[in-house]
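Enquirer: The task is simple: from the sequences and hints, build the whole structure.
Per my numbering, residue 6 is the first one in the sequence shown, and the count goes up by one each step.
No wet-lab data here; the hints were simulated from the structure. Since the model is a prediction, treat every value here as computed from it, not as a measurement. Even glycine gets a Cβ: it sits at the ideal position worked out from N, Cα and C. Hints may contain errors.
Have a look at the derived ranges for each label pair, beta carbon to beta carbon [to be verified]: (1) Thr118 - Asp198: 31 to 41 Å; (2) Val537 - Asn456: 48 to 58 Å; (3) Met344 - Gly73: 54 to 64 Å; (4) Arg696 - Ile808: 48 to 58 Å; (5) Gly489 - Gly73: 28 to 38 Å; (6) Gly437 - Gly489: 56 to 66 Å; (7) Ser345 - Gly539: 42 to 52 Å; (8) Arg696 - Gly654: 35 to 45 Å.
With a cut-off of at most 30 Å between alpha-carbon atoms, the simulated DSS-like pairs for lysine-lysine come out as follows [to be verified]: (9) Lys77 - Lys222; (10) Lys494 - Lys77; (11) Lys260 - Lys70; (12) Lys266 - Lys222; (13) Lys584 - Lys222; (14) Lys246 - Lys535.
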Amino acid sequence: MPGKRGWGWWWAQLPLCLLLSLSGPWVPSSLGKPKGHPHMNSIRIDGDITLGGLFPVHGRGSEGKACGELKKEKGIHRLEAMLFALDRINNDPDLLPNITLGARILDTCSRDTHALEQSLTFVQALIEKDGTEVRCGSGGPPIITKPERVVGVIGASGSSVSIMVANILRLFKIPQISYASTAPDLSDNSRYDFFSRVVPSDTYQAQAMVDIVRALKWNYVSTLASEGSYGESGVEAFMQKSREDGGVCIAQSVKIPREPKPGEFDKIIRRLLETSNARAVIIFANEDDIRRVLEAARKANQTGHFFWMGSDSWGSKIAPVLHLEEVAEGAVTILPKRMSVRGFDRYFSSRTLDNNRRNIWFAEFWEDNFQLSQATSRRRNKIDKRCLGMQRIGQDSAYEQEGKVQFVIDAVYAMGHALHAMHRDLCPGRVGLCPRMDPVDGTQLLKYIRNVNFSGIAGNPVTFNENGDAPGRYDIYQYQLRNGSAEYKVIGSWTDHLHLRIERMLWPGSGQQLPRSVCSLPCQPGERKKTVKGMPCCWHCEPCTGYQYQVDRYTCKTCPYDMRPTENRTGCRPIPIIKLEWDSPWAVLPLFLAVAGIAATLFVVVTFVRYNDTPIVKASGRELSYVLLAGIFLCYATTFLMIAEPDLGTCSLRRIFLGLGMSISYAALLTKTNRIYRIFEQGKRSVSAPRFISPASQLAITFSLISLQLLGICVWFVVDPSHSVVDFQDQRTLDPRFARGVLKCDISDLSLICLLGYSMLLMVTCTVYAIKTRGVPETFNEAKPIGFTMYTTCIVWLAFIPIFFGTSQSADKLYIQTTTLTVSVSLSASVSLGMLYMPKVYIILFHPEQNVPKRKRSLKAVVTAATMSNKFTQKGSFRPNGEAKSELCENLEAPALATKQTYVTYTNHAI
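Expert: Printed below as a string of structure tokens:
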């Protein structure tokens with residue numbers, strides 16, 4: 006070993022690069038307190054108490070090699086942080102005074118199996134056989150150099166490495182404090198009871214990442230994990246938290262193999278692209294895998310498509326994104342809250358090949374950091390400062406403190422504070438170690454570790470919970486490109502809850518606008534989500550239809566019966582209420598007919614009253630004529646009730662007068678036709694006068710018929726009191742925008758039929774009598790006009806029935822039925838008024854010479870006409886029967902019919 010060191014010593018004046026190529030393995034000694042000893046695979050520093058150290062100085066090797074390329078930041082920076090902390094503790098008179106901490110630092114090569122082999126060094130002193138019974142040949146005791154006893158271990162970095170090592174260390178009760186392992190599995194105190202860490206568990210990190218995803222309004226993400234405890238446990242914790250909190254779905258969960266085959270990362274990118282909407286990718290992977298993923302994304306021309314969210318293994322490291330800045334732009338990373346240790350920056354920047362010989366890997370770092378090449382050095386004849394080791398870190402090369410440096414220092418200090426408290430309790434007043442701490446009991450030391458509470462190198466509190474975990478405190482970074490330069494910028498923090506400055510974030514291609522990583526776009530107002538089975542973040546948007554409105558994101562509900570949905574279907578609003586307005590086009594014709602009819606009726610009444618004693622008025626039967634005119638007036642007046650706004654009073658009047666006017670009219674006409682019929686029939690059998698043909702009797706009969714209508718109305722009021730209703734069914738259209746509520750009286754179609762039924766019965770009966778009296782002599786001058794009136798009225802109502810009931814399903818039912826009913830009633834009244842009264846008014850006003858009495862005819866004339874009609878059957882066969890009889894009556898002379906018998910005579914105007 007000294008010979009090997011001599012090569013480097015004798016050639017110190019030659020270029021250093023030539024020295025490194027010729028010297029072979031070089032193991033320097035320590036430069037300070039205490040002296041270091043050469044060791045091939047580890048750094049060994051003597052001390053009263055020895056701490057172990059595990060650092061990923063090199064990456065995983067390939068093609069059967071245990072170790073790969075040097076890790077400048079993750080390996081050398083962290084390793085030097087432990088050496089820095091040891092120097093500070095050993096030089097601190099208040100912490101472990103007169104006790105020197107030594108170290109045995111190993112390279113894990115980022116591989117758990119290799120770390121397991123290396124960690125056997127820590128337990129070597131505990132498993133080697135005791136040599137006290139061994140004697141030399143001369144009889145003297147042998148000289149045995151016992152390996153140093155490691156009382157505690159700082160490390161490891163990767164969670165899978167820490168898990169593997171923890172399984173060995175717990176068997177020998179050696180406490181372990183990690184500065185970077187965050188896998189949730191390590192919180193299991195029943196399996197890893199001697200493991201502690203100054204960094205929080207990934208359970209906190211997973212919660213923080215879920216909170217970030219939700220804050221960015223992403224609900225559809227993929228996960229990417231390196232095979233092993235760290236990656237798989239981290240992703241599992243993230244998925245568990247996303248399920249608990251809800252609102253985040255995992256599109257794909259991809260695992261990176263421990264030993265990836267060629268093209269493996271290209272396949273990973275293609276797989277991630279299968280769910281192209283999941284643009285956010287959550288990464289729990291080591292920095293080598295992160296770099297390869299970014300390279301594969303660039304190769305697939307997917308720069309700017311994915312939005313990466315990296316765990317603390319990415320943090321704020323330069324190595325994963327070096328020369329891949331555009332692919333990594335916008336990446337959000339998380340790192341346990343830390344501060345840059347300025348003292349370490351000064352320390353590390355002052356390291357050179359001459360003053361840092363205790364670090365056996367520093368020469369390799371030096372060559373890599375300053376990009377020295379031995380081949381180049383051979384070709385150069387002159388010796389420059391690079392080959393002489395005169396470079397300065399941070400001046401001749403870029404330097405940025407690695408993110409876990411603070412935690413390495415805190416881990417060493419946690420061990421130091423625990424040993425200090427243990428020495429104070431077990432060796433009070435003693436200088437140096439006492440027998441109770443020689444050797445140090447690992448179980449007791451663990452208790453002191455779990456109870457430490459001090460301010461770390463950056464001022465942060467260092468404590469452990471019952472599982473050995475540190476509290477969760479994180480800084481959140483985003484990798485941003487500005488003006489061609491890239492940097493990690495702090496955009497927030499997480500301590501139990503999230504503080505995120507979204508306005509500080511920049512995204513590739515969209516500036517500050519948040520990118521989308523969603524399975525489905527948000528539904529529009531009035532649409533409900535129909536989720537995909539097993540994927541609550543994916544849905545189809547279904548519009549609320551008909552009279553439905555959106556209750557919440559997933560439910561459409563039908564509006565109450567009297568309401569319709571708003572325009573955007575997010576609520577309900579009252580359905581407009583309509584009625585037949587006075588200025589409606591549907592009301593014009595009914596109102597015109599009613600007004601004209603009322604005016605004409607009043608004109609007739611005035612005329613009849615003025616000429617009340619004239620023969621033509623007397624001949625019409627004044628009493629029943631006025632009753633009939635009253636009925637006609639009510640028929641016209643009903644139109645105004647039907648158009649007026651429905652209320653209690655209006656609806657009550659409708660019930661009363663809608664059928665009453667027609668009942669009065671048809672009761673009067675029926676009484677008239679019945680009287681004529683009875684007189685005519687009585688004349689066939691005898692000359693005696695029929696009963697109840699006087700005016701008083703006629704009025705009594707008429708009012709008796711009318712009273713039946715009034716009685717029915719009274720019963721109806723008792724059984725079903727009148728009231729107005731709003732009918733929302735009549736105009737409940739398929740499109741709720743056109744839905745209307747109809748304000749109307751509570752009169753159903755069946756009630757209307759019953760209301761008008763009695764009037765129809767009177768009309769039909771009157772029509773029957775009109776048909777029977779169609780052949781009476783012209784002397785009975787009202788028989789034929791009444792007949793024509795009833796025939797026309799029947800036609801009007803026959804036309805009314807299909808129109809009224811055939812439009813019951815129409816959207817304009819209110820207007821059509823009201824108009825049809827009022828017009829039919831007005832037309833019926835107009836027919837009666839026009840055929841029965843207008844001819845008389847015309848004679849009264851324009852032909853007063855005809856308004857004189859006619860000769861009286863006896864009842865015998867009627868009897869003779871009836872008996873002689875049989876003699877003229879053949880003659881009458883050529884003309885209607887009525888005409889024959891009429892003609893016969895007209896040809897009879899009064900003197901020829903004179904006899905000695907007594908006759909009851911009737912003046913024709915009385916009929």
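Enquirer: Do the alpha carbons of Lys260 and Lys70 lie within 30 Å of each other, as the hint requires?
Expert: Roughly 23 Å between the alpha carbons, so the hint for Lys260 and Lys70 holds.
Enquirer: Taking 42 to 52 Å as the hint, is the beta-carbon distance of Ser345 and Gly539 inside that range?
Expert: holds, 46 Å
Enquirer: Take the C-beta atom of Gly437 and the C-beta atom of Gly489, compute their distance, and say whether it sits inside 56 to 66 Å.
Expert: Check passed, 58 Å falls within 56 to 66 Å.
Enquirer: Has the hinted range 48 to 58 Å been met by the Cβ atoms of Val537 and Asn456?
Expert: holds, 51 Å
Enquirer: If I claimed the Cβ atoms of Arg696 and Ile808 lie 48 to 58 Å apart, would that claim hold in this structure?
Expert: violated, 43 Å
Enquirer: Given the hinted pair Lys77 and Lys222, is their Cα-Cα distance within 30 Å?
Expert: Violated - the C-alpha atoms of Lys222 and Lys77 are around 37 Å apart, more than 30 Å.
Enquirer: Range first: 35 to 45 Å. Now tell me if the beta carbons of Arg696 and Gly654 are that far apart.
Expert: holds, 43 Å
Enquirer: Regarding the pair Lys494 and Lys77, is the alpha-carbon distance no greater than 30 Å?
Expert: This hinted pair holds, its Cα atoms lying about 22 Å apart.
Enquirer: Verify the CB-CB distance for Thr118 and Asp198 against the hinted window 31 to 41 Å.
Expert: violated, 23 Å
Enquirer: If I claimed the Cβ atoms of Gly489 and Gly73 lie 28 to 38 Å apart, would that claim hold in this structure?
Expert: The hint (28 to 38 Å, Cβ to Cβ) holds, given that Gly489 and Gly73 are roughly 32 Å apart.
Enquirer: Does the structure keep Lys266 and Lys222 at a Cα separation of 30 Å or less?
Expert: violated, 36 Å
Enquirer: Run the distance test for Lys246 versus Lys535: straight-line Cα separation, threshold 30 Å.
Expert: OK: Lys246 and Lys535 at ~24 Å, within 30 Å.
In this structure, the hints that do not hold are numbers 1, 3, 4, 9, 12 and 13, in rising order.
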